[in-house]
Each structure stands twice: as C-alpha cells, then as structure tokens.
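J.: So the sequence lines, in the order shown, correspond to chains Z and A. Position 31, counted from 1, in the first sequence is what this note's numbering calls 31; the numbers after and before it change by one each time, with no gaps. Position 57, counted from 1, in the second sequence is what this note's numbering calls 57; the numbers after and before it change by one each time, with no gaps.
Take these hints with a grain of salt, some might be off.
Claimed, not checked - Think about it this way: if two alpha-carbon atoms lie no more than 30 Å apart in a straight line, the pair counts; the simulated DSS-like pairs of lysine-lysine are:
#: 1; chain 1: Z; residue 1: K81; chain 2: A; residue 2: K53
#: 2; chain 1: Z; residue 1: K81; chain 2: A; residue 2: K392
#: 3; chain 1: A; residue 1: K390; chain 2: A; residue 2: K41
#: 4; chain 1: A; residue 1: K198; chain 2: A; residue 2: K390
#: 5; chain 1: Z; residue 1: K83; chain 2: A; residue 2: K198
#: 6; chain 1: A; residue 1: K390; chain 2: A; residue 2: K53
#: 7; chain 1: A; residue 1: K198; chain 2: A; residue 2: K392
#: 8; chain 1: A; residue 1: K132; chain 2: A; residue 2: K198
#: 9; chain 1: A; residue 1: K392; chain 2: Z; residue 2: K83
#: 10; chain 1: Z; residue 1: K117; chain 2: A; residue 2: K53
#: 11; chain 1: A; residue 1: K198; chain 2: A; residue 2: K41
#: 12; chain 1: A; residue 1: K41; chain 2: Z; residue 2: K117
#: 13; chain 1: A; residue 1: K390; chain 2: A; residue 2: K132
#: 14; chain 1: A; residue 1: K392; chain 2: A; residue 2: K132
#: 15; chain 1: A; residue 1: K41; chain 2: A; residue 2: K53
#: 16; chain 1: A; residue 1: K131; chain 2: A; residue 2: K398
#: 17; chain 1: A; residue 1: K392; chain 2: A; residue 2: K131
#: 18; chain 1: A; residue 1: K398; chain 2: Z; residue 2: K81
Claimed, not checked - So the derived list for chain Z, only partly shown, Cβ under 10 Å to chain A, looks like this:
#: 19; residue: V18
#: 20; residue: W45
#: 21; residue: D68
#: 22; residue: V74
#: 23; residue: G90
#: 24; residue: V103
#: 25; residue: R106
#: 26; residue: A112
#: 27; residue: V116
#: 28; residue: T119
#: 29; residue: I122
Read the hints as simulated data drawn from the structure, not as lab findings. Positions of the beta carbon are idealized from the N, C-alpha and C atoms, including for glycine.
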Amino acid sequence: MLRTVLEWYYRQLRSLIVILLTTMLVVVSMQVFSRFTGFIPRYLWTEEASRFCFVWVIMIGSIIAVRDNTHFNVDILPHPKSKRIEGIYGLMTHSAMLAMAFVFVRYGYEFARFGVKQTSEISQINMLSIYLAFPVTGVSWVLFLFEHLLSDVNLIANQEQGNET
Amino acid sequence: MSPVEAAAILFGSFMVLIVLRVPVAFALGLACVPLLHLDDKLTPIMLCNEMWKSYNSFILLSVPFFLLAANLMNAAGITERLVALARASVGHFPGGLGHVNVMVSMLFAGVSGSSTAEAAGIGSILIPAMKKQGYDASFSVAITACASVMGVIIPPSILMVVWGGLMSVSISGLFLAGIVPGILIGLFMMATVHVFAKRRNYPVYQRASLVEFLRALRGASLALLTPAIIVGGIVGGLFTATEASLIAVIYSSVLGGIVYRSIGLREFTRVLYESAAFSAVALFCIGTASAFGWLLAYYRVPQELVAFAEGWGTNAITTGFVIAGIFLLVGMFIDAIPAIVVVGTVLMPVAERAGIHPIHFAIIGVVSLAFGLVTPPYGLCLLIAASIGKIKVVEALKDVSFILIPMLLLLSLVIVFPEIVLFLPRTFIPDLR
C-alpha cells in the first residue's frame, strides 16, 4: 500500500521536473528572442520566473535522487560481503540522511514562514511558493528514506532467518 | 570559537559522514548543523537561506541547459558524425582508434560542457569498437575516461560557469583561457596513444582519401558550428553564458529533430528528464557546499589559511603547485562542483595574495579537478567508462596512471607559464588586465 502511493508520488515528481525544465526553456527563449527580434515584447518577469523554476527543479531532483539512490557518495568502506552487511551499511547511511531530512522539515518550515509576508521584486510572486520547496523536500525525503530503511531492515532480518528469500 | 576549532568541527563531521557513505551533498549540509546550533548568533534556518541564495542564480541556470545540449547531441547521432570525421583525419596513425577517441573528445568538448556526457556518449560507441579491433579493454576504458576530461577544460564548460558565477570571474575570459590548455592535453594524449600503440602493436586504419575526408567533414560540419556559435557569441558579447546554453539546446534540437530527424518527441522527453535529474543532483551539492563555505568564511578560516600560507612564502609558482595539489587531492574524493564551492572560495585569497591572476587560478583549479574525474575512489568518468567496457575500475588503473603522467606534466607547464592560459583572454578582451 505504502509502496504504491510512494511509487505514484515518484512518477508525479518525474513528470513535474520535465514540465519545469520545459518551462525554463520556454521562458528563457522568450527572453532571448525578445532581445534579438522586435516583435516580441520585452518581458521583465522571465529572468525571475526561470530562476524560481530552477530552484524547484533542483529540489525535486534531490528528492528523486534519494529514491533512486543516485546522490554521489564515496566508497571508502570495504565492499559488503553479505546482504546483511549491505543492510547494516544502508541503515547507517539512510539514518544519517534522515537526520538531514528532519532538519529540512523543522527549519525549512520556519524558513518558508518568512516567505508568507514577502513578494518577489519583479513579478510580485508570493515567496512562499518558492520557499515552500524546502519543507516539501524535507517531508518527501522522510517518506522515501522510510521506504529505504524498511528495505535495509528486511535485508538484515532475512539473513538471520537463514536465507529464506 | 577559533577558526581552527570551527574548521575541525566542520571537516571532522564531514569526513565521518563520508566514511559512513552519506552522499557528499548531505554530508556537507549535516556537517553545518552542529555549529549552527551551538553558536548563539546562528540558526539552522541559515542552512536553507544559504542554499536558496546559491540556487537563485541566473548564471547557474545554464548548467542543466549545457547538459541537455550535450545529451541531445548524443541522442541526435552527432557523436557518430564526429567519430567519422576523426577517423578520416587521424585513423591512419598507429593505434588509430585511440587517436580517434582523443580527437572526438576534443571536438565533442567544443560542443558540450560536460565530461560525463562525453564519457558516456563516446564510450558507448568507441569502447566496443576498440575491443573488437583487439585493443585491451583496460586501455580502451582508460583512454576514453582520460580524454573525456577535456569536456570541462575546452569551452563551453559547466565547471567554468560554476566557477565564474561563484567567484565573479569573467566567464568569457575563462572560456578563452581553456582553449590552449585543452588542445595541449589532447596533443599530449595523442603522443601517449602513439607510445602505447607501438609497444602493444595496436591496429591502424588505411589512410582516408581526400574525398572520404571531405564527405566526413561535410557530415560533421553542422555540429562543428556549435563551438563557433557558443564561444563566439559569448566572447563577442552577443549573449550571456545562460543565453548561449539555451541557443546550444535549440541548435541541437533543430539538428536532431529537423535536420537529421533522429530524435522523436518520446526520445526528447527522455533526454529532458535525464538531463534535469542528473544536473539537479550536481547542483543540489552547490547549495549545501555554499552553506559549508559560508560557515568557513564566518569563522574566518580563509584568512587564517592566508596567514598560514605566508609561512611558505608568497611565490606564485610554489603557491600554484600547492593549490593544484590540494585540488588534485580533494578531487579524488568529492565531485568537482562542491570542491569548487568549498575549496575554491577558501583558496581564492591565498592565490590573490601570491599574485596569481584570477583566470589563471581558475584554470589551475579546473584542470586539477578534471583529473579527479578519472582518479578513484570517486572518478565519475572512469566509473562510466569502466561500466561500458564491462571491466572493474581497478583493471584500468595502470593504463590510467600512465596516461595521467603527460597530463600532470601539462598541468605543471600551465602553473609555471601563466601565458599559456592568459594569452587568448588578453588578446580578445582588451580591458582585461
């Protein structure tokens, strides 16, 4: 059940990041072409809007990478020789990442609250819509990290029951 | 808290987390938390604030675009066209495909700003071809990985965009500065291929006829226009780095979608997703690395380092070698982008104090970090090439280290003779001092 919901959420994020990157392309194109051709009016909001999409692209990308385990890490420890050790490694890594996720939830929320009263300089967008990326990212990390931690625990437990799976 | 104590806490907790296999981006962020809690004047909300400030940059926006352009070029089959051209030009030298590999990397570097896209794109074509012709898998992997580092040295370059955006150095100046060292690395590497080929009796192609050469040149000509458009446009003041990256995306989409008709909508969406996801991971690091760097600056660690550096004198060449050494070491363990954010900004005052030109300092940094792309434990290009060649990274290490020797020699030349780097920027940008 949990996995189905998370899988659905993950797919939405994948579509969203493509839509945001496409928006960035369109908006920056408008900016460039308005400068080189006469017939498109010069918009001021394009620069700001593209930056705000960009922030969301990075944050959503970081969520996707938590699920896919594609954030860069360094292999210094010896390679895990059994599933159980692999599970223990995963448990350490994912718990540390979970700590960071909680920092994001807790202080990202405070940070987002600053945004409620601010509007952006050029297009008067409420800054909450951008600052919100931080707590949203934190909560999403927590969700996907719980999924990973469950798999880690399963790896360790299965080994103890004598390689049933 | 003294600078030394603060640095010890920051770097200490970072190292512990790295050993626990916590991703670099998370380790940098988590390492900031203790200090942000302990100091009464600071709060962890600043972590979010520093990250937000670093992402909210119109210059950095070019990173996903440059990566997208490179991936579109790969998908459009432009890499194959460049291979055909390289084969017609250098295929008849001893170790033909090795030379082709180096030359394609040089051409591709002028089109893309990313070494990883280069290793993946060129490797998937040339590594199987080289193995089939009887080259050792280790050599095929090693030369592909090492040649791909030119991707971030020859303009356009994602690392230079990040460097210039962060430390307020002219990006057009950096792009011009990368041309000569980049081409020299290619030539040094071709000499190395020659030595390998003679000792291991690698095969050669028959020399291409003039007609064949011209046909290959025509096939690749539209792709070869890209560097002229991008670098010419930026240096000529026609557009900014971000706008140039967008034009590169449009140009490669037009080539792939309309001229060559090799990319459909489905393929285009896939490339969009992969570029967004991959660049987001690299860029996410910039945020936490900026917070880390901000704390180092808050506790005056860079100033302390400058005072310490006085100890070994302010000779530009010695300082240059020390800087290169630090970047080489750091580049072995972490990705180039966070290394630029943390180490680059910390070393900047040291370089300044020694009278190293900001562009020269940047190129020393970028070249040293580029070598980190092929050195374990964290050599992204080597990992990619090894997985394409289906061998373990360890098996390629001996050949990699052999190819790295002439490259290190070039790095030393760049440090000792700043003119190699500064000649082109000074010629084309008159008001550069």
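J.: Would you mind marking each hint as holding or not holding in the structure?
T.: So, going through the hints one by one against the coordinates:
1. K81/Z / K53/A: It is violated: about 43 Å lies between the C-alpha atoms, which goes past 30 Å.
2. K81/Z / K392/A: Within the cut-off at roughly 17 Å; holds.
3. K390/A / K41/A: 53 Å, violated
4. K198/A / K390/A: 25 Å, holds
5. K83/Z / K198/A: 46 Å, violated
6. K390/A / K53/A: 42 Å, violated
7. K198/A / K392/A: 25 Å, holds
8. K132/A / K198/A: 19 Å, holds
9. K392/A / K83/Z: Judged against 30 Å, a Cα distance of about 21 Å means the pair holds.
10. K117/Z / K53/A: The given pair, whose Cα atoms are some 18 Å apart, holds under the 30 Å limit.
11. K198/A / K41/A: Roughly 65 Å separates the two Cα atoms, so the pair is violated.
12. K41/A / K117/Z: Holds, because 23 Å separates the two Cα atoms, which is no more than 30 Å.
13. K390/A / K132/A: 13 Å, holds
14. K392/A / K132/A: Status holds; Cα separation ~18 Å.
15. K41/A / K53/A: Measuring from Cα to Cα gives roughly 19 Å; hence the hint holds.
16. K131/A / K398/A: Holds, at about 17 Å.
17. K392/A / K131/A: Between K392/A and K131/A the Cα gap is close to 15 Å, so the pair holds against 30 Å.
18. K398/A / K81/Z: It holds: about 26 Å lies between the C-alpha atoms, which stays within 30 Å.
19. V18: V18/Z check passes; min Cβ-Cβ to chain A is 5 Å, inside 10 Å.
20. W45: W45/Z check fails; min Cβ-Cβ to chain A is 13 Å, beyond 10 Å.
21. D68: Because about 8 Å separates D68/Z from the closest Cβ in chain A, which is inside the 10 Å limit, the hint holds.
22. V74: 5 Å, holds
23. G90: Nearest chain A Cβ about 9 Å off; hint holds.
24. V103: At about 6 Å, which falls below the 10 Å cut-off, the nearest Cβ of chain A leaves the hint on V103/Z intact, so it holds.
25. R106: 8 Å, holds
26. A112: 8 Å, holds
27. V116: Violated: closest Cβ of chain A sits about 14 Å from V116/Z, beyond 10 Å.
28. T119: 15 Å, violated
29. I122: 12 Å, violated
The structure fails hints 1, 3, 5, 6, 11, 20, 27, 28 and 29 (numbered hints given earlier, in ascending order).
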